[in-house]
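Chemist: Protein chains in written order, with our numbering: chain A, 1 to 133; chain B, 1001 to 1371.
Where hints are given, some of them may not hold.
The calculated lysine to aspartate or glutamate pairs, modelled on EDC-like cross-linking and capped at a C-alpha distance of 16 angstroms, are [claimed, not checked]:
#1 Lys1050/B / Asp1118/B
#2 Lys1221/B / Asp1303/B
#3 Lys2/A / Glu47/A
#4 Lys106/A / Asp1277/B
#5 Lys1053/B / Asp1078/B
#6 Lys103/A / Glu1005/B
#7 Lys106/A / Asp80/A
#8 Lys1340/B / Asp1023/B
#9 Lys103/A / Glu1332/B
#10 Lys103/A / Glu1008/B
#11 Lys1221/B / Asp1277/B
#12 Lys96/A / Glu111/A
#13 Lys96/A / Glu1308/B
#14 Lys63/A / Glu12/A
#15 Lys1020/B / Asp1265/B
Hints are computed from structural coordinates only; laboratory data are not their basis.
Given next are the chains, with one letter for each unit.
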Amino acid sequence: MKTKVVLTFSPEASNQPITHNLIAKHHLLVNILRAEIDEVGGKMVLELSGKADDIRKGIDYLKDNSVSVRPIKEGVRRDDDACTHCGMCISICPTKALSIDQKSGKVSFNEEKCVACGVCIDACPPRAMEILI
Amino acid sequence: MTAQEFKEFVRANGIKKAAKEVDIVTTGTFGAMCSSGAYLNFGHSDPPIKMQKIWIDGIPAQAGLAAVDAYIGATALDETNNMIHGGGHVIEDLVRGKALRLRATSYGTDCYPRKEIDTYISLRTINQAVLMNVRNCYQNYAVATNSSPKTMYTYMGKLLPEFGNATFSSAGEISPLINDPYYRTIGIGTRIFLGGGQGHVIWEGTQFNPGAPRTPNGVPKRPAGSLAVLGDLKQMTPDFLRGLTLSRYGSTLGIGIGIPIPILDEEMARYCAVTNDDIQAPVFDYGQQSRNRPVLRDVSYADLRSGEITIKGKQVPTSSLSSLYKAKQISEILKSWIMKGEFTIQEPIQRFPMDRVLRNLDVRTEREALQ
Ligand code: SF4
Ligand code: SF4
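Chain A with its partners taken away, still in its complex shape (with noise of 0.2 angstroms):
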């Protein structure tokens, strides 16, 4: 399994190894993705890959050493309030995340179907249609 989140330390955490702790004690893949750290502490963006439960246990030993986590969900997202529902997305949509009801006419968002692919962004007419990064 594999997990991205951002974390946010004080000073005193980031005098700990923490990375070193999350490969070493519990068995963790990290991939920083981007880090900035100084003296006042710092944010970091980490992949996290490894079994569900060492991710947990990881992610509990973060917060024991008083360091804020923040799970990212990549991707896709839509903006409810800007769709119109006018279904434009349905037919660009390759893995058929975007789903029309025929009776209320009403558009859905599937993310568990999404692959990010970005295809439907451009071709969102009210924009509503965005990638998290």
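With chain A's structure known, arrange chain B with the ligands on it following the hints.
Modeler: The following block gives chain B with the ligands in isolation, referenced to the frame of chain A:
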């Protein structure tokens, strides 16, 4: 009742009973309607200015009227042709109640000495803000697809290569002019739902073409009638008026229109009983870049709504540019307005001319233009 409910009523009870028992059917549509815009009157500045060039939030508005009147078109873009923000978005922002920067320049006259102004306006500061659209609510429209090997970006949306998809733009059986194919109840003066407020039909729409081929029940098989409409922007809401971007084509305005159709007699009941199976639309190949694109085939709205049509032996996924969801919402809202007495039916004061024909623009000599 709504158009949807009426069709079910007819299926269950027949035309005769429907004609006797139902007074009014409410229709609706919400789609990208390019021939739209708003005229505005800003009020006079001190010293006054006769505006010659005008920009609202960076988008040029048409000046050539009196000193402080302007018209901003839905497809207007700024000099950079950035399509994310155009005239349609400016109109939406006004409706949202935002303050927008207004800049204008002039050559200055004795009575209008000021040469430039840079200020902010909102719907609260200006005198008139009136949506005036010269062609909305097409009776029927084309279906677009693309045979070429590359993705095309058109006013019919993103068309994937090699018949990768097909797009259409009509609410089909609940769309206003489909339910009154010969314009018996919709004419000049008809009161309508427009962008969330109440407006009127003010004329036939441009390119009005009532002579288009029709099915035996009167429904045009090609783009035929259309409406020019007008209404107060100050009454409208962003739910039913939306600036849209069609990538690499430009900006436009999504507008919701709803029209009540009185069931005058059995003939009107028959028209309003029309279903998606009875409505045909032509499929055009936008991969061919000319005015006279061949029709690949005719398809019904029932086929289009099924999510797939067959073109040249290939299963092609379809989708719509107009929102069925909002169209239904509009027909519901209009119905509730009528039942609460908040909306009164206005009979047309003049009917549309049925002898209009559609002309093309060719490169002509002065003499040919007179023939
Ligand atoms: S194209 Fe955009 S507005 Fe239309 S249904 Fe899809 S997400 Fe909604
Ligand atoms: S990003 Fe790709 S898979 Fe996801 S909804 Fe858009 S078109 Fe479909």
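Chemist: Indicate, hint by hint, whether the structure satisfies it.
Modeler: Okay, the hints, checked on the actual structure:
1. Lys1050/B / Asp1118/B: Since the Cα atoms of Lys1050/B and Asp1118/B sit roughly 14 angstroms apart, the hinted pair holds (cutoff 16 angstroms).
2. Lys1221/B / Asp1303/B: holds (15 angstroms)
3. Lys2/A / Glu47/A: holds (7 angstroms)
4. Lys106/A / Asp1277/B: The hint is violated at about 21 angstroms.
5. Lys1053/B / Asp1078/B: holds (13 angstroms)
6. Lys103/A / Glu1005/B: It holds: about 12 angstroms lies between the C-alpha atoms, which stays within 16 angstroms.
7. Lys106/A / Asp80/A: holds (11 angstroms)
8. Lys1340/B / Asp1023/B: Measuring from Cα to Cα gives roughly 15 angstroms; hence the hint holds.
9. Lys103/A / Glu1332/B: Given pair Lys103/A, Glu1332/B holds - Cα atoms ~14 angstroms apart, limit 16 angstroms.
10. Lys103/A / Glu1008/B: Status holds; Cα separation ~13 angstroms.
11. Lys1221/B / Asp1277/B: holds (12 angstroms)
12. Lys96/A / Glu111/A: holds (10 angstroms)
13. Lys96/A / Glu1308/B: Roughly 13 angstroms separates the two Cα atoms, so the pair holds.
14. Lys63/A / Glu12/A: holds (13 angstroms)
15. Lys1020/B / Asp1265/B: Distance ~8 angstroms between Lys1020/B and Asp1265/B Cα, so the pair holds.
Comparing the model with each earlier hint shows a violation of hint 4 alone; every other hint is respected.
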